[in-house]
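S.K.: If you read the protein sequences in the order shown, they are chains A and B. This note's numbering puts the first residue of the first sequence at 393, with every later residue one more than the last. This note's numbering puts the first residue of the second sequence at 349, with every later residue one more than the last.
Careful, some of the hints might be misleading.
Covered stretches of chain A (chain B as the covering partner; in silico rule of three or more C-beta atoms under 8 Å from a C-beta of chain B) [as the list claims (entries may be wrong)]:
#, region
1, 430 to 441
2, 467 to 474
Derived contacts from chain A toward chain B, CB cut-off under 8 Å, selection only [claimed, not checked]:
#, residue
3, Asp490
4, Ala495
5, His513
6, Leu515
7, Glu517
8, Leu521
9, Ala526
10, Pro527
11, Met529
12, Ile530
13, His532
14, Gly533
15, Val534
16, Tyr537
Just so you know, these hints were derived from the structure itself, not from any lab. Small disclaimer: the values here were computed from a predicted structure and weren't measured. Note that beta-carbon positions come from the ideal geometry of N, C-alpha and C, so glycine has one too.
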Amino acid sequence: MSEVATQLSSVVAPATFVVPRHSVGESPQLLATKLKKNYRKGPVEVPVLRGVSLAVRQGEFLAVVGQSGCGKTTLLHLLGTLDVPDQGEIQFEGRRIDNISSAARDALRNRCFGMIFQFYHLLPEMTTLENVLAPLMIMHGVCSYWRQRRQFQSLATELLAMVGLEHRLKHRPRELSGGEMQRAAIARSLIARPSLLLADEPTGNLDQESGREIIKILRGLNEQRRLTIVMVTHDPAIAASADRTVRLVDGRVA
Amino acid sequence: MYKLVLCWRYLCTRYIAFASIISVMLGVATMIIVNSVMAGFSNEMQGRIRGIICDVVFESGTLEGMRDPDSHMEQIKKIAGDEIDGMTPICVVPAMLSYQWRGTWVTNQVQVIGIDEKTQGRVSDFAKYLQHPANRQEMTFDLKDGYDIYDHLAEGPTREREEMRRAGWENRRRMAQELALQVKALKEATAAPPGMSTTVPPPEPFAQRPPTDPFRRQPVEQVKQFDPAKEQNTGVVIGIAMSKFSKADGEEHFRVLPGEDVQLTFPTAGAPPKAVSDKFTIVDFYESKMLEYDSMFVFMPIKELQRLRGMIDPSTGVGYVNAIEIKLRPGADGNAVRDKLKAAFPAGFYRVETWRDKQGALLAAVQMETTILNILLFFIIAVAGFGILAIFYMIVVEKTRDIGILKSLGASGRGVMGIFLTYGLSLGLVGSGVGLVLGLTFVHYINPIADGLGWLMGRPLFNPEIYYLYRIPTIVFPETAAWIVAGALCIAMLASVLPAFRAARLHPVEALRYE
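With the hints as constraints, model all of the structure from the sequences given.
M.R.: Next up, the structure:
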């Protein structure tokens with residue numbers, strides 16, 4: 393794993409969205425303050441988040457738990473810049489990211505954040521290897537990618553080997569099991585050397601055994617790479633493997 | 349990079365997109381085929397018109413013509429001599445051509461053109477369209493033997509014109525023998541007692557030529573007896589369509605052949621005009637493959653026409669002509685020469701026109717036809733464009749979650765738009781590329797294909813009797829093909845803009861939640 397991380401740091405280009413990667417000490421890597429988010433259903437506005445504040449330290453493994461509909465996934469989308477809050481602010485490594493341009497948010501998701509979803513969200517047209525390479529394909533232009541393709545492929549292969557999928561490189565997602573797809577998604581989330589991993593119910597669609605394997609991988613990443621992980625789950629048993637748990641109730645931190 | 353990869357994968361896996369490719373392909377192929385055939389026809393037609401009509405025609409404003417063509421030609425030479433390659437005077441007069449066929453008189457309305465056979469070849473391809481090889485080399489109005497029995501202008505094998513074997517002196521001698529027999533029968537009938545013979549001979553086609561020249565003061569007793577078996581009247585070349593007809597089996601037959609006599613009636617010059625008529629011997633057929641000309645033109649020696657119409661001044665011997673045909677040097681500007689001549693000669697008395705001016709209506713009609721056809725055919729590609737739009741919209745809906753995934757991985761809206769625009773461009777490229785190859789291949793093999801379809805349908809698809817062409821002419825202009833392909837690409841791109849824009853605007857969260 394450390395070998396992979398070393399290679400990653402030398403190959404993956406630095407982000408255009410410049411986020412200072414200084415040692416933050418006590419200051420949180422990710423800070424959400426009084427986040428509010430409403431969804432509009434026709435003429436009715438449904439409040440989902442009612443002022444959530446959250447701080448995540450560098451290298452922390454945080455679990456966000458709560459009942460279905462309490463706003464866990466919405467919070468994760470806001471933290472991952474997939475959506476913008478109606479009120480409140482989010483800071484990542486000391487810089488505000490909730491009001492930045494769309495292009496900067498795209499760059500942030502591509503280079504600084506890794507995301508894992510409950511339904512794996514692999515691209516069905518691509519092989520497992522290509523799915524893992526997708527963030528690098530997005531990051532690099534045709535010429536740049538083509539020049540470095542062998543290094544990228546070697547990195548992706550090593551990441552897939554790390555999650556136990558070295559024998560599934562050329563397989564399409566439909567040919568993989570749920571656990572294998574989630575492991576491929578984890579490999580994809582790591583390829584761009586993110587400093588924050590956002591996991592939305594990563595075991596929600598898996599059997600117990602597969603779920604345990606996924607949590608083991610995440611735990612390993614957190615411990616060995618000091619990768620900050622924010623994991624959303626409704627399962628207290630899964631949440632127990634995190635360093636800290638935050639409970640959301642009715643759009644507020646309980 | 350991901351745009352290309354996904355675009356390629358969508359091309360390989362979304363077979364519904366092949367429907368768009370096929371419609372673009374068919375549209376492009378059809379446009380290339382139609383444009384090539386239209387260009388071929390247009391070129392063939394212009395070539396024939398150019399072969400018949402010279403570059404510039406300098407015409408008299410009246411039917412009486414202009415006096416002293418030599419001095420006019422001198423003046424023209426002074427004005428635009430550097431650009432002129434050759435000139436020849438002509439006389440043009442409307443006339444009636446009559447001949448006997450199977451006991452009845454056939455009369456055609458024609459245009460008699462008096463030409464100088466020595467100089468006519470310098471200004472047009474007149475000689476090229478004659479049926480006797482010697483006349484094609486050096487035109488004369490003398491009757492000969494050995495006329496072509498095959499269409500010498502045909503590019504491929506053609507049916508033999510069996511009746512042309514006896515054209516010429518052989519035909520004339522045979523006609524003279526028949527005439528002699530008829531005369532003999534008539535004499536016997538008139539010598540026999542009344543009621544003994546009921547045979548009424550047909551009118552005599554080879555009657556002795558009357559002395560129509562008022563200036564030839566030859567004593568009647570010195571006029572040599574005319575022998576139709578050994579002598580000919582003044583020679584004329586008639587358009588082949590006046591004589592030729594085809595039976596149901598496609599075999600060509602002729603009502604009259606070279607060697608036979610015809611009667612021409614035309615007005616004299618001067619006021620009021622009077623009708624003059626004389627017998628002439630057909631010495632050749634003119635076949636330009638333009639029905640309008642082949643059924644109208646009769647060529648005869650200009651001197652004889654001038655004499656018969658009274659267009660020669662008896663005191664000076666100077667003749668009148670209707671027009672002077674001008675051939676320009678290669679690269680010379682016909683319009684400039686026309687304008688110079690127009691400026692130099694009084695407009696009321698003279699008319700100066702280029703060959704394009706003379707055939708302006710026909711050329712404009714062909715151009716208009718081509719334009720309208722192109723517009724109509726372009727609608728095929730436009731329909732293909734709507735097909736692409738519908739299919740793309742469907743694909744965008746189908747791929748909503750994938751779009752969400754891409755955006756969650758950091759793909760920009762512009763990047764997602766690029767996937768679908770590249771996809772549209774790829775469909776256009778593949779469709780128009782295949783269409784281009786298909787169109788060019790079809791154009792290359794258009795005649796075998798037409799023959800094959802004709803064989804399947806049991807009748808020729810392209811009847812030379814109608815079109816006067818043995819093969820379908822085609823010309824592929826590279827710039828036209830390039831424009832068609834570029835147009836198809838543009839339509840494919842434009843059709844993919846709306847779905848691509850929708851894909852780009854999709855909210856990542858909503859896209860990820862899409863079921």
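S.K.: Interface hint check: A:His532, Cβ to nearest Cβ on chain B, cutoff 8 Å. Holds or violated?
M.R.: Hint holds; A:His532 Cβ to chain B Cβ min 6 Å, cut 8 Å.
S.K.: So, as I understand it, the hint says A:Met529 touches chain B; can you test that by seeing if any CB pair is closer than 8 Å?
M.R.: holds (4 Å)
S.K.: Does A:Leu515 pass the interface hint, meaning its C-beta sits closer than 8 Å to a C-beta of chain B?
M.R.: holds (6 Å)
S.K.: With a cut-off of 8 Å, does the beta carbon of A:Asp490 approach a beta carbon of chain B closely enough for the hint to hold?
M.R.: Since chain B brings no Cβ nearer than about 15 Å to A:Asp490, farther than 8 Å, the hint is violated.
S.K.: Taking the least C-beta to C-beta distance, is A:Leu521 closer than 8 Å to chain B?
M.R.: violated (12 Å)
S.K.: Have a go at the A:Gly533 hint: is there a Cβ in chain B nearer than 8 Å to its own Cβ?
M.R.: Result: holds, 7 Å to nearest chain B Cβ.
S.K.: The region 467 to 474 of chain A covered by chain B? Criterion: 3 or more residues, Cβ-Cβ distance below 8 Å.
M.R.: holds (count 3)
S.K.: Quick check: do three or more residues in the region 430 to 441 of chain A have a beta carbon closer than 8 Å to a beta carbon of chain B?
M.R.: violated (count 0)
S.K.: Go through the hint on A:Ile530 and say holds or violated, using the shortest Cβ distance to chain B against 8 Å.
M.R.: Where the cut-off is 8 Å and the nearest Cβ of chain B is about 5 Å from A:Ile530, the hint holds.
S.K.: When the nearest CB of chain B is found for A:Glu517, is that gap smaller than 8 Å?
M.R.: Constraint on A:Glu517 satisfied, holds at 4 Å.
S.K.: Report holds or violated for the interface hint on A:His513, using the least CB-CB distance to chain B and a cut-off of 8 Å.
M.R.: Result: holds, 5 Å to nearest chain B Cβ.
S.K.: At a threshold of 8 Å, is the proposed contact between A:Ala495 and chain B supported by beta-carbon distances?
M.R.: Result: holds, 6 Å to nearest chain B Cβ.
When the structure is compared with the earlier hints, violations turn up for hints 1, 3, 8 and for no others.
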